[in-house]
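Protein chains: 2
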Amino acid sequence: MEEINFKKRETIEQVEESTDLAPKFDENGLIPVVTTDHSSGEVLMQGYMNEVALKKTIKIGEAVYYSRSRKALWHKGKTSGLIQVIKEIRIDDDQDCIWLKVDVKGGASCHVGYRSCFYRSVAFGSKQTEDQKLQFEEKEKVFDPKEVYENAANPTKL
Amino acid sequence: MEEINFKKRETIEQVEESTDLAPKFDENGLIPVVTTDHSSGEVLMQGYMNEVALKKTIKIGEAVYYSRSRKALWHKGKTSGLIQVIKEIRIDDDQDCIWLKVDVKGGASCHVGYRSCFYRSVAFGSKQTEDQKLQFEEKEKVFDPKEVYENAANPTKL
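Protein chains in written order, with the numbering used here: chain P, 1 to 158; chain Z, 1 to 158.
The following block holds chain P by itself, in its conformation from the complex (with noise of 0.2 Å):
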């Protein structure tokens, strides 16, 4: 595979306004993804990349993240089998933010078993309510997490 270059962030005419690929990564090395479903342009999670991780889904096509709380790559679905097939890449004004289009083998993004990870909703303006209680937007779970992952730690923190 040949090895992907990124430019370097010069001008922000050439940021905003070029072809060259120039992304910013964070003080922590990292970028953000946002993640949506190719078919149904629902947002599945949002995640992050540091550099390898980028050019690593660049070549091969499957979403590679960086996991913050385990503080590695994460090749999405090694473990679930819930691969990330990418369908398109795009990169924002100023490079940095990323948005995968992507397939999902086996229907399900979230680590709790929901076909998305936003599988609840928030009422705001004349719908809030006094207790402000979150509502449930998918019924159903694609999966069970205790047979998927075993006994793999949970990377929700608190």
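Honestly, I wouldn't trust all of these hints.
Lysine-lysine pairs mimicking DSSO-like chemistry, simulated, CA-CA at most 30 Å apart [what the hints assert, rightly or not]: (1) P:K127 / Z:K56; (2) P:K8 / Z:K56; (3) P:K133 / Z:K8; (4) Z:K157 / P:K101; (5) Z:K105 / Z:K87; (6) P:K139 / Z:K59; (7) Z:K24 / Z:K87; (8) P:K141 / Z:K8.
Note that these hints are calculated values from the structure, not bench results.
We have chain P; now place chain Z onto it with these hints.
Coordinates of chain Z only, in the frame set by chain P:
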């Protein structure tokens, strides 16, 4: 307007499986936000909110972000007119990311003038080219940023 109170994060089960709204703000007091077009499903932008911005968004039903470059609340569209009217607010499994579905007054969300901030794509897998050039996926700007923002500072940082 009623006071909105977020719940204290106490257990992983509470955060992932209950109806408690218990968002997690990072070490800078921010939570990432993914904003999509309610009709097309297109990802328009990715931004951040602090606690005040999230509460204000929930109250008024329009997107209020926290601008990291200006270090201030940012009621999107107050300068450009491109207000984002909230159609739905989702929160993810571990409640450290928000997804807004919005209608954009004026049809554009990007300060460069495009409909979406993600107007360029990255070639990947077998479609990679040696020079790894980005491809423009939006051919024309919706508005001229020079007219809309006049002399306002460009938020892009190198």
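Against the structure, the hints:
no.: 1; hint: P:K127 / Z:K56; in the structure: 14 Å, holds
no.: 2; hint: P:K8 / Z:K56; in the structure: 38 Å, violated
no.: 3; hint: P:K133 / Z:K8; in the structure: 13 Å, holds
no.: 4; hint: Z:K157 / P:K101; in the structure: 26 Å, holds
no.: 5; hint: Z:K105 / Z:K87; in the structure: 13 Å, holds
no.: 6; hint: P:K139 / Z:K59; in the structure: 26 Å, holds
no.: 7; hint: Z:K24 / Z:K87; in the structure: 22 Å, holds
no.: 8; hint: P:K141 / Z:K8; in the structure: 25 Å, holds
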